[in-house]
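Go by the hints and put chains B and C onto chain A.
Residue numbers (the working numbering), protein chains in the order written: chain A, 50 to 132; chain B, 50 to 132; chain C, 50 to 132.
It is worth saying that the hints were derived from the structure and are not from the lab.
Possibly wrong hints are sitting among the right ones.
Since the list gives no way to pick out one identical chain from another, each pair is judged satisfied if it fits inside one copy or across any two copies.
Unchecked claim - Straight-line distance between alpha carbons at most 25 Å, and here's what the computed DMTMM-like set of lysine to aspartate or glutamate pairs gives:
1. K60 <-> E72
2. K108 <-> E55
3. K86 <-> E113
4. K86 <-> E72
5. K86 <-> E75
6. K108 <-> E120
7. K86 <-> D117
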Amino acid sequence: MSTAEESLEIKNLRHQRIQDDWEHREYIEVVTSAIQKMTSFLNVFDASCRSRLASLNQKLSALERKIDYIEARIEKQSATSKS
Amino acid sequence: MSTAEESLEIKNLRHQRIQDDWEHREYIEVVTSAIQKMTSFLNVFDASCRSRLASLNQKLSALERKIDYIEARIEKQSATSKS
Amino acid sequence: MSTAEESLEIKNLRHQRIQDDWEHREYIEVVTSAIQKMTSFLNVFDASCRSRLASLNQKLSALERKIDYIEARIEKQSATSKS
Chain A
50 MSTAEESLEI KNLRHQRIQD DWEHREYIEV VTSAIQKMTS FLNVFDASCR
100 SRLASLNQKL SALERKIDYI EARIEKQSAT SKS
Chain B
50 MSTAEESLEI KNLRHQRIQD DWEHREYIEV VTSAIQKMTS FLNVFDASCR
100 SRLASLNQKL SALERKIDYI EARIEKQSAT SKS
Chain C
50 MSTAEESLEI KNLRHQRIQD DWEHREYIEV VTSAIQKMTS FLNVFDASCR
100 SRLASLNQKL SALERKIDYI EARIEKQSAT SKS
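Excised from the complex, chain A in its bound form (with noise of 0.2 Å):
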């Protein structure tokens, strides 16, 4: 290689290296953001799905106890016909 070929080469070399940087950096805010995005649909999401489990458990034990409440009557129904 010439000097004059070399001082080309090492400007090339200083050239790519800034744009790989701008390539690297652009790539990192992307795969960040994904996953600050993922992360908080996460968070949501689990709230969400707590929230719901629960109110499906209050329902089925409001129910549960109305069906004891019944299960009692229809007993006390029954024992006093017998009699």
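Just chains B and C now, with coordinates in the frame of chain A:
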């Protein structure tokens, strides 16, 4: 550094730059694919949770209606048997 | 560029390359760890959702059986009281 050493050094840097670029591209592919897999898993999972919760809600509503009907019948029977 | 400047420039490029490499490795670790955390969260979350939904389904089925039994008893009582 002698000019010969400099030439070699420049070749090394150019070579390393290409190698770094390849590793970087491979890594981008791995991360992008991991993010895509998680995103598609989340979509399927979200849809599946929604449908399972909706089905539970539907069953619960059906039970609630049945219980309301049973309660009304018991009330009626109780009123009839007292009269 | 003089040969001395070129030598310095080459040293800088080699130095920056090592620095870039370190930053890149650090970033890879951060992203890889973020993806691993999310994946393991998703596995735990998926298993937890499945088990909570299965438990709700089981409770619902138990209630459905109880209600069917209650309905049958009411039918019987109603038939008996009418006869």
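Each hint, compared with the structure:
1. Within a single copy, K60 and E72 get their C-alpha atoms as close as 18 Å, and across copies as close as 23 Å, so both meet the 25 Å cut-off.
2. Taking identical chains as interchangeable, the C-alpha atoms of K108 and E55 are never at most 25 Å apart, the minima being 78 Å within one chain and 78 Å between chains.
3. Neither within a single protomer nor between protomers do K86 and E113 lie at most 25 Å apart by alpha-carbon distance, with minima of 40 Å and 39 Å respectively.
4. Taking the shortest Cα distances, K86 and E72 sit within 25 Å of each other both inside one copy (21 Å) and across copies (23 Å).
5. Both within a single protomer and between protomers do K86 and E75 lie at most 25 Å apart by alpha-carbon distance, with minima of 16 Å and 21 Å respectively.
6. For the homomeric pair K108 and E120, the shortest alpha-carbon distances inside one copy (18 Å) and between copies (17 Å) are both at most 25 Å.
7. For the homomeric pair K86 and D117, neither the shortest alpha-carbon distance inside one copy (46 Å) nor that between copies (44 Å) is at most 25 Å.
Violation of the numbered hints given earlier is confined to hints 2, 3 and 7; the remaining hints are satisfied by the structure.
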